[in-house]
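Heads up: the protein sequence lines correspond to chains A and F, in order. If you use this note's numbering, the first sequence corresponds to residues 2 to 110, in order. If you use this note's numbering, the second sequence corresponds to residues 52 to 166, in order.
The hints are all genuine.
Have a look at the derived ranges for each label pair, beta carbon to beta carbon:
#1 F:128 <-> A:97: 22 to 28 angstroms
#2 F:68 <-> A:54: 44 to 50 angstroms
#3 A:52 <-> F:69: 40 to 46 angstroms
#4 F:153 <-> A:78: 21 to 27 angstroms
#5 A:51 <-> F:103: 27 to 33 angstroms
#6 A:9 <-> F:90: 14 to 20 angstroms
#7 A:110 <-> F:53: 27 to 33 angstroms
#8 F:135 <-> A:59: 33 to 39 angstroms
#9 A:9 <-> F:147: 32 to 38 angstroms
#10 A:78 <-> F:124: 38 to 44 angstroms
Simulated from the structure, these hints should not be mistaken for lab results. Ideal Cβ positions, reconstructed from N, Cα and C, are used throughout, including at glycine.
If you want the building blocks of each chain, they are given just below.
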Amino acid sequence: SQQGEEDPQALSIQEGENATMNCSYKTSINNLQWYRQNSGRGLVHLILIRSNEREKHSGRLRVTLDTSKKSSSLLITASRAADTASYFCATNSNYQLIWGAGTKLIIKP
Amino acid sequence: DTEVTQTPKHLVMGMTNKKSLKCEQHMGHRAMYWYKQKAKKPPELMFVYSYEKLSINESVPSRFSPECPNSSLLNLHLHALQPEDSALYLCASSQERSDLLYGYTFGSGTRLTVV
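In isolation and in its complexed conformation, chain A is listed as follows (with noise of 0.2 angstroms):
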């Protein structure tokens, strides 16, 4: 599958900021979803946003969707070391998930 393109490819924060993730796809989607895998795991469903949605928040994390640059954000607010993980999007289209590279995210004590 054709991947999307996240970044940063990494980010490496102190415990208590904010981390912001972007990521850009190519085609038209029914949603767009992230995940969350730490080290060597498997991958945590987080949040899906609809193609008609624009903001969704959930706990601490915000998403946002702009369907006319086929770009969404994740934002982590008030970040925790237990954060520390890989953050995937991937894009529900044709009813096929096409997944981004991926943000290596680091949260420093």
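Position chain F relative to chain A; hints supplied.
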């Protein structure tokens, strides 16, 4: 039960061995998936089962053989693998293959090493 359970967690096999990976879910999901993931890369789709029928095979070599015995179980049979097949193998499920409202539930994966 909101989990996808994969066994074994780790597997080391020789190139002449035959082994199987197992995946189980009891959420009533009707779509199940096998993914392969190399280090620092996103997961790559291998197979999709929808209502226990194989609906997508992403040109996977025949040394990987999927099987869906019932709506809760998914197996991946391995035979004559190559060292480059070493990877994390992930199983996932979703309510429907055409599910537009919910995300996928992933298992913790099987870390496979081919020697």
